[in-house]
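Note that the protein sequences, when read in sequence, are chains G and E.
With our numbering, the residue at position 53 of the first sequence is 53, and numbering never jumps.
With our numbering, the residue at position 60 of the second sequence is 60, and numbering never jumps.
Careful: at least some of the hints might be erroneous.
Partial chain G-side listing against chain E, Cβ under 10 Å, derived [said to hold, decoys possible]: (1) Val22; (2) Met62; (3) Thr64; (4) Met77.
Every beta carbon over 12 Å from chain E, so not counted as near; a handful from chain G, in silico [claimed, not checked]: (5) Phe7; (6) Gly19; (7) Val29; (8) Thr40; (9) Leu54; (10) Val101; (11) Ala106; (12) Phe112; (13) Asp124; (14) Thr129; (15) Ser160.
These are computed hints drawn from the structure, not numbers from a lab.
Just so you know, even glycine gets a beta-carbon here, dropped at the ideal spot from N, CA and C.
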Amino acid sequence: MTAQMFFIAFFGLAAVWFGIAVFRTYSMVRSALALLFSQTALGAMFLSMQAEFLGVLQIMMMATEMSIMAIFMVMFMMDPGGLSTMDMIHQKRLSLLAGIVSFLAAVGVAVFVDWGPVEMIAPDPAQQTIALGLELLGRSMLIFETAGITILTSMIAAISVAIQPVKQNTVPTITGSNHHEH
Amino acid sequence: MTTTIILLLLVFGVYLVAVLEAWISSGRFRLTTPILSGIALLGRESIVPRKPDRIFFEVAPVLLLLSAVLAATVIPLMPGLIITDLATGALFINAALVYVLVAMLMAGWGPDGAYAMVGGWRFLGQLIAYAMLIVMPITAVVMRAESLLTTQIVVSQDGLWNIFYQPLGFVLFFIAAMALAFLPPFDLPTATGELAGGVEAEYSGVRLAVFRLGRLTLIITLASATVVFYLGGWQGPWLPPWAWSGIKILAVTVTMLLAGRLMPRISETDLLAWCWKLGIPLALLNIFLVGILVLVIP
């Protein structure tokens with residue numbers, strides 16, 4: 001139990017530390033990967049809490065997601081390497097306020113919600129996986145299917161917005177100016 | 001004890017892969033090649049490029065090796081010979097191997113070099129192509145075994161190996177595994193001819209040695225995973241279980257190394273197009289067919 005508490009605390013602190021590291025760098029790739037390792041630490045926390053499937057899933061999903069986020073951050077930021085002195089932090093007071101409010105809200109939820117009796121002995125990992133599968137195909141199916149369809153719809157919408165419209169009449173127009181159209 | 005044995009076997013496997021790869025690419029069979037090139041790499045200066053992202057540059061080769069070794073911990077070589085028989089084994093292999101991508105991104109971004117950068121981001125595109133073709137065939141394998149335990153997956157293939165039960169899944173997984181290990185024709189991130197080594201370009205000396213060690217470990221791990229998922233693991237007549245595992249892993253490794261030898265390097269666009277327009281529908285079809293088989297055959 002003591003070892004378990006130690007690991008939960010250790011990975012929890014690691015998650016917080018990497019979370020801080022996200023904002024302490026101007027390099028977009030460092031920032032994205034710091035967020036990844038913060039999430040990986042959360043996955044390790046799940047593992048310490050004997051929620052094996054959840055932990056492994058978290059560790060797996062975040063690696064791809066954060067890496068893909070990294071390339072978007074590199075594409076869209078003016079200084080992805082963070083080599084110049086451009087300040088990328090803004091609205092400091094508002095962010096501070098939002099951070100404190102959401103922290104207090106999270107703590108409030110953790111403290112004041114009645115979580116029911118604490119499970120002293122976690123079920124066997126294989127049993128947990130079966131229970132999770134039954135849950136996903138039973139009570140929670142509608143929620144997950146709705147979320148899945150919503151994500152799919154937004155993906156298709158995002159792609160169709162991103163595709164450049166192609167002009168049907170592709171006859172090159174000759175203009176007298178020096179501008180070249182591509 | 002089990003851990004030590006498996007790690008030693010992994011080292012031996014890596015040595016064999018290095019010999020085989022040198023044999024296949026150069027046509028000369030020499031048992032000393034890996035040792036000599038290892039000594040040569042360790043003896044050379046390990047140059048740090050100008051203005052690197054030092055953390056990424058140092059971590060990348062180690063992370064590549066680590067993720068390949070972690071994936072190997074859930075692979076059973078015979079009953080009882082497995083480091084940890086996780087209840088989420090089949091998922092854990094994915095989770096560990098995704099960090100190959102993270103290592104490649106770090107190796108691409110870290111040295112602050114153009115070729116490395118192109119190689120690193122190319123591998124991200126490659127992941128978007130192959131990732132679903134790793135996960136979806138494994139889903140079908142798990143459906144038959146009704147368990148994520150890798151040992152249970154091997155046991156479920158008693159009598160009929162998955163390569164015959166779900167050949168479509170095998171073909172997709174095999175191709176995706178080759179792409180994951182960036183073997184030719186999927187060697188886009190290193191691309192000797194056009195990118196001058198790509199992610200490997202700025203590495204030298206001991207760091208390059210670790211990077212190459214990681215890649216060889218990755219190949220042997222993926223070959224072992226293919227054996228566990230599709231070729232019945234340790235099962236087989238007459239010979240002892242460990243021998244069957246060894247023979248099958250060797251056979252898969254040789255096939256992986258030979259398969260892409262005479263093919264031109266695929267372009268990123270084609271890889272993505274084929275994987276998404278052809279591979280994923282086929283993978284879904286595979287899941288559907290296996291679902292029917294699981295329901296019909298008790």
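Structure-based check of all given hints:
At its closest, the beta carbon of G:Val22 sits 14 Å from a beta carbon of chain E; the interface hint therefore is violated under the 10 Å criterion. Taking 10 Å as the C-beta cut-off, the interface hint given for G:Met62 holds, the closest approach to chain E being about 9 Å. Look at G:Thr64: its Cβ gets to within about 6 Å of chain E, closer than 10 Å, so that hint holds up. Checking G:Met77 against chain E: minimum C-beta separation of about 14 Å lies over 10 Å; hint violated.
Look at G:Phe7: its CB is around 16 Å from the nearest CB on chain E, clear of 12 Å, so calling it non-interface holds up. At the 12 Å boundary, the C-beta of G:Gly19 stays outside the reach of chain E, the nearest C-beta of that chain being 17 Å off. A beta-carbon of chain E is positioned within 12 Å of the beta-carbon of G:Val29; the least distance is around 5 Å. With a cut of 12 Å on Cβ distances, G:Thr40 falls inside the contact zone with chain E, its closest approach being about 9 Å.
Against the 12 Å criterion, G:Leu54 falls within the reach of chain E, whose nearest CB is about 9 Å from its own CB. Here G:Val101 stays apart from chain E, with its beta-carbon at least about 33 Å from theirs, past the 12 Å limit. Every CB of chain E is more than 12 Å from the CB of G:Ala106 (nearest about 27 Å), matching its label as outside the interface. Consistency note on G:Phe112: stated as away from chain E, and its beta-carbon is indeed over 12 Å from all of that chain's, at 33 Å minimum.
Listed as outside the interface, G:Asp124 is inconsistent with that label: its C-beta sits roughly 7 Å from the nearest C-beta of chain E, within the 12 Å cut-off. Its beta-carbon lying about 6 Å from the closest one in chain E, G:Thr129 breaks the requirement of being farther than 12 Å from that chain. Residue-level check passed: G:Ser160 sits 16 Å from the nearest beta carbon of chain E, beyond 12 Å.
In summary, the numbered hints that this structure violates are 1, 4, 7, 8, 9, 13 and 14.
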